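**Q** Sequence:
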Amino acid sequence: RAVSAARLVLQNTEVVLGHVLLTAVRSGKIHQVLVPRTMSMFGSFGNLFGASGPSLCADIGEPVDTRTSFGGWSHFRGTIKEDGGPCSVFKFVGNVNTDRVRIETARNGAKRLKLTRHPNVVHLKESLEVEKGDELTIYVVTEFVMPLLEHLKSVPAGTHQRDEYFALGLRQVATAVSFLSNDCSLVHGGVSMAAVFVTDRLDWKLGGLDLVSDLVSIGRGPNGDARICHSSHLIPDQYKPEEYRKGDWAVVPQGPPWAIDAWGLGCLIQEVYRGEPLLRTDQLREVGHIPDVLLKDYQRLLGSQPGKRYNPKKLVDNSSLFANKLVETISFLDTLTLKDAIEKEQFFRNLPRNLETLAKAPVERMILPQILEALLFGSAPALAVLPMLHAAQDLTDDLFAKKVTPGLVKLFSSSDKGMALGLSQIPPLFHL
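Residue numbers for the sequence shown follow this note's numbering, so the first one is 693 and each next one is one higher.
In case anyone wonders, no lab produced these hints; they're calculated from the structure. Careful: at least some of the hints might be erroneous.
As the list claims (entries may be wrong) - Only pairs whose alpha carbons sit at most 16 Å apart, straight line, appear in this in silico EDC-like list of lysine to aspartate or glutamate:
1) K1031 - E1020
2) K1052 - D791
3) K824 - D791
4) K845 - D855
If you're wondering where the values come from, they're calculated on a predicted model, not measured in any experiment.
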């Protein structure tokens, strides 16, 4: 109802002395309101149609620890009203008179999250603005995520499997940064542990897009619209290379688009392996806990000359850090639709043996759902049923019933003869 009302308002507008006169019919009566042209559209809905305004798609629950967050956002657990599924709700509150810069920067973050559709960027479900008096609240509803810092507390320390998982997570974030810089000519401006979130499936995703700016627009400095130039104070100095820290904006477009964020990736690597946020720039020289296979790339990311900093795309494609079974398995599943029948057969025949060497958490929360989805959508052959069940063998009965049984029911009802044959060959160990 709020959406249809909004359409009606937008069809009946007049500009009056720099303001917009909105006209609508509600319950047979004509309603008119004069608002500034810069006023939040959602705010005008609230003033015109009642105090409640448009409704958020989620219920807000308990707050999540956000000690390392930038930009004034509060992070809450949430529940989607329609289906009861989990989500995250990010909330920003500002005064429309005194917090204009902060509000515009927060709006930029919501807008960029909406426009940036990439598997390694936090997925937006809904954004909403509500204005009440001088107070503007921005809500951003996303897939359920946890801050990376909180997640790392649950990862066992000092194991080979931990290092494989860290390598996978860093590769996912580097892929997102590479997409922004190489494909979009955008600068994130705040790459660090505080900008990385982890999904229920253990994927690391880039968030915190408040400062994301077009490379060319950064060259205009505070006279332009690049949010990084107006709100760079939100990012502590230890995460900034020299040109960023000094605010030498005219120099930034002269270098590669990844120069600032390559430095941020170096900071993230330092934070991940030290297990806590970076406090001082000189801590970047502490390399004892960084894997030897990553050290050279780490140093290239933190080069003093912007033009010589390592391209994140080269990090993703070339680093020997990512030559491990977990990364190789996830990468193959991510590109399964591009593989031919012979490649798929070889991969799935070897997969049960490879799963034995991998950590239990990524097997159950990353690999298992990917195989099941591939089977349901027809991109995986019937012989993938066995490694799928192998990945699920340590699940509790409740988790198996929740995560696997519905998919199995669909597979058993399939008319595909090859799938029926594959299901009939399930060993007694996996008796269903």
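**Q** Now look at each hint and say whether the structure bears it out.
**A** Cross-check of the supplied hints:
no.: 1; hint: K1031 - E1020; verdict: holds, 14 Å
no.: 2; hint: K1052 - D791; verdict: violated, 47 Å
no.: 3; hint: K824 - D791; verdict: holds, 15 Å
no.: 4; hint: K845 - D855; verdict: holds, 14 Å
Going down the numbered hints, you'll see the structure goes against just number 2.
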